[in-house]
Amino acid sequence: MDWYPLYNSLRIAAISTVVIFFLGILAAYYVAKAPRLVKGMLDVLFTMPLVLPPTVVGYMLLRLLGPKRIIGAWALETFGIKLTMTWWSAIFATTVVIFPLMYRTARGAFESFDESLADAGKTLGRSNTWVFWRVRMPCCRQGIMAGTVLAFARALGEYGATSMIAGYTPGRTATISTTVYQLWRTNDDAMAFRWVMVNLAISAVVLLAVNMLERKESGGGRQNRKTGGEAER
Amino acid sequence: MSLAVDIQKNMGSFRLKVHFCSENGVLGLLGASGCGKSVTLKCIAGLLTPDVGRIVLNGRVLFDSQKRINLPPQQRHVGYLFQHYALFPNMTVEQNIAAGVRHRDRRKEETNRLMAMFRLEDCRGHFPSQLSGGQQQRTALARILASEPDVLLLDEPFSALDSTLKRQVELELIERLEQFPGLVVLVSHDRGEVRHLCQNVCVMECGASQPLQTVEQLFSHPATLSACRLSGCENISRVRQTEDGLLEAMDWGIAIVPPGPLPAGMTHIGIRADRLQVAEGPGEHVVSLQVKRIIEDIAHTTLVLMPPERENVSIYMELKPGVWKALGCPEQLWVKLLPEDLLLLSSSV
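From first to last, the protein sequence lines are chains U and V.
No gaps in the numbering here: position 216 of the first sequence is 330 in this note's numbering, and each next residue is one more.
No gaps in the numbering here: position 273 of the second sequence is 782 in this note's numbering, and each next residue is one more.
Take these hints with a grain of salt, some might be off.
Said to hold, decoys possible - Calculated Cβ distances over 12 Å to all of chain U for the following chain V residues: (1) S522; (2) L557; (3) V587; (4) Q592; (5) G609; (6) D614; (7) P658; (8) G691; (9) A717; (10) R749; (11) P767; (12) A782; (13) G790; (14) I803; (15) P817; (16) E818.
Claimed, not checked - Label-pair ranges, simulated between beta-carbon atoms: (17) V:M520 <-> U:L140: 27 to 35 Å; (18) V:P581 <-> U:A148: 36 to 44 Å; (19) U:F246 <-> V:Q584: 13 to 21 Å; (20) U:P149 <-> V:P598: 41 to 49 Å; (21) U:V132 <-> V:Q584: 46 to 54 Å; (22) V:M520 <-> U:A148: 16 to 24 Å.
If you are wondering where the hints come from, they were derived from the structure by calculation, not from laboratory data.
Every residue gets a Cβ at the ideal spot worked out from N, C-alpha and C, and that includes glycine.
Start from the sequences and build out the full structure, keeping to the hints where you can.
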């Protein structure tokens, strides 16, 4: 069995999750603080990929990144690289598709954050950067972690946009999802079934990891914090 | 030492207009909730920006809309005690206090000194939610003092505590504040807190501040309707001057001999429940009131009285325990309102 699709899927998902971790948090932070009108507009824009069919995302990406389109042509001319039909082309697709997941969960976490904690940090003389990394992020950790894991899982399963922008070339752009489709299409039911099992196993591991994270979160000192907080209320 | 605040800020439906200057001790901002007290503190701390005005602390200009000065909160050296203390939940007591120390090389020793001073050494490794309300407040205060503030802003410091704890924490806070060399501004809706902790007080109503007065003045001679209510006086009536020189309390249907020259713009009178006196029978300054209800308290008996033919009006009267029984629990009572006990009030600005 050729394990390339597994390896390719994992690296695409991992890279796009790292990118989206920062982009999503950045977007969430500014939207959470933005005035109402701007907030509404940006929110629609940032959430759009969540409700659009992945094929529409793929189409739009091709319109931008295709070798004869604005960005694609420019990249080809300046750097001599083609942005489509390579293994990393899929990163564009997964990044766009998982962005709303990270952005929305992080925004929810930021909006429920008690602003007086940030204010306290500032009046104590601490910089905004310190407040962000030492207070705001740790307090929103649970929401942000949930968003990250969710984004990673979704990136692993991305099919529509990926197949349009990266295609299916065995050993080059094949991912688990495109491989399953290709195998099923070519009547290789036994192999398709194997990859389905692999996919199930990965999903189970991811969900297990989430559960373990949550358990760890509520263990030890953190547990006391929780029950202590409960008792006080 | 001085803190001069003269600011205005439009906030949708409500307009903040605050002006006061505190030169020593503890200043109370007293007002009902939603009157702009906390917004005022946030403007002083630099967490909100006023539209126009000036804030000067010990000669240092923190904010001046004309000169376009607006120091960030980090540079204002203003200690802000938040309503629920705003301790960082992800840090221990020790880390919380250390977060307030501005100089890195002195962080450890300062933290240790403050933990000793505030008796927090035993819970240095605890997280805020593991602490009692009193410990939380001590940690928050220690953290604020670590940042070497020139002024302390206390936002409803007891609202997060239950009443049994409140008294003890209040006593402790009074002691701490006596040791603090700088100015203190306390925001509260509770007249008791203001009376116990403050020397001067500034009453706020609907975003507007009234002139500064001493705490004694507030309780003996409140000048405005809102100040009178906030100082705990429940018996208040609209008033007008009749042609024969009497004062007619319109809500009570009672005519009263005025105590002397009346202040300009007077619209209401008030009299405290414990200043009403029982009279033997009709006479000067005496009116007949019907007893509606009796409320037995631990320290006193409160009578709810009704002026003749005014079903919806209540006048409260406080009697020492035992007095009511000694009177024989009558249905009708002769009550004396001494002119010198009347509070002459103008409805505020």
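*Since G790 of chain V was said not to touch the interface, does its Cβ keep a gap of more than 12 Å from each Cβ of chain U?*
Non-interface label on G790 of chain V holds, nearest chain U Cβ at 57 Å vs cutoff 12 Å.
*For the range 13 to 21 Å, tell me whether the beta carbons of F246 of chain U and Q584 of chain V fit it or not.*
holds, 19 Å
*Beta-carbon spacing of P149 of chain U to P598 of chain V - inside the hinted bounds 41 to 49 Å or not*: violated, 28 Å
*Determine whether the non-interface label on A782 of chain V survives the test: each CB of chain U must be over 12 Å from its CB.*
Answer for A782 of chain V: holds, closest chain U Cβ roughly 36 Å.
_Whether E818 of chain V stays farther than 12 Å from all C-beta atoms of chain U, as the label says_ = holds, 49 Å
*asked:* Would the non-interface assignment of V587 of chain V survive a Cβ cutoff of 12 Å against chain U?
replied: It is violated; V587 of chain V is separated from chain U by about 6 Å at its closest Cβ, not greater than 12 Å.
*asked:* Within 36 to 44 Å: is that where the Cβ-Cβ distance between P581 of chain V and A148 of chain U falls?
replied: Violated, at about 20 Å.
*asked:* Using Cβ atoms and 12 Å as the threshold, tell me whether P817 of chain V really stays out of contact range of chain U.
replied: Nearest chain U Cβ is 50 Å from P817 of chain V, so the label holds.
*Could you let me know if the closest chain U CB is still more than 12 Å away from the CB of P767 of chain V?*
Given that every Cβ of chain U is farther than 12 Å from that of P767 of chain V, nearest at about 49 Å, it holds.
*Taking the minimum C-beta separation from I803 of chain V to chain U, is that value above 12 Å?*
Non-interface label on I803 of chain V holds, nearest chain U Cβ at 38 Å vs cutoff 12 Å.
*In terms of Cβ atoms, is chain U entirely out of 12 Å range of A717 of chain V?*
For A717 of chain V, whose nearest Cβ neighbour in chain U is about 25 Å away, the distance exceeds 12 Å, so it holds.
*Is the Cβ of S522 of chain V more than 12 Å away from each Cβ in chain U?*
holds, 16 Å
Comparing the model with each numbered hint stated earlier shows that hints 2, 3, 4, 5, 7, 18, 20 and 21 do not hold.
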